[in-house]
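Peer 1: In full-length UniProt numbering, the protein residues as written are 1 to 144.
Don't take each hint at face value.
What the hints assert, rightly or not - 25 Å max Cα-Cα, derived PhoX-like pairs, lysine-lysine:
id : residue 1 : residue 2
1  : Lys83     : Lys110
2  : Lys39     : Lys83
3  : Lys39     : Lys110
Treat the hints as calculated values from the structure; they're not laboratory data.
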Amino acid sequence: MASTGLTGSAAAGTGDPNETIRLGYAQAYCLTNDTNTDKIHTGQCAGTQNQAWLVSATGNRNATIRLGYAQGYCLTNDTNTDKIHTAPCAGTQNQAWLVSATGNRNATIKLGYAQAYCLANVTNSDTVHTEPCAGTQNQAWLLS
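Between the sequences and the hints, there should be enough to build the whole structure, so can you do that?
Peer 2: What follows is the structure, given as structure tokens:
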């Protein structure tokens with residue numbers, strides 16, 4: 001992690017802190033936290049701690065997605081660039097997500113406060129950002 005003190009607000013939840021979030025159409029690739037920059041990208045699934053996540057709930061537009069090993073850090077949408085990174089959990093709207101389901105390779109992860117925007121892998125890249133939901137394969141995820 002780029003930050004040294006692991007702090008954050010709100011309880012982490014009771015889910016599995018070792019859940020992976022895989023691309024639905026390319027399940028060998030997982031949502032990955034860059035431990036040097038806190039930026040999120042997709043990378044070859046390796047079972048490492050920076051690919052383990054804790055999803056607080058599905059079907060709730062205020063769900064958090066936290067690092068499994070550092071649950072004070074949440075998946076965060078940069079409202080200026082739509083890029084995704086981790087940041088100390090603060091209970092802000094850009095850290096609230098609506099996760100449609102687990103165990104389904106076509107699950108969507110939407111911004112809780114702007115549900116017309118989905119978490120997406122940029123085509124031909126490992127970059128992850130939010131973009132208008134279009135039902136495309138780069139917006140489909142498998143949580144397992």
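Peer 1: Hints first: check each against the structure and report whether it holds.
Peer 2: Hints, one by one, checked against the model:
no.: 1; hint: Lys83 - Lys110; verdict: 14 Å, holds
no.: 2; hint: Lys39 - Lys83; verdict: 8 Å, holds
no.: 3; hint: Lys39 - Lys110; verdict: 18 Å, holds
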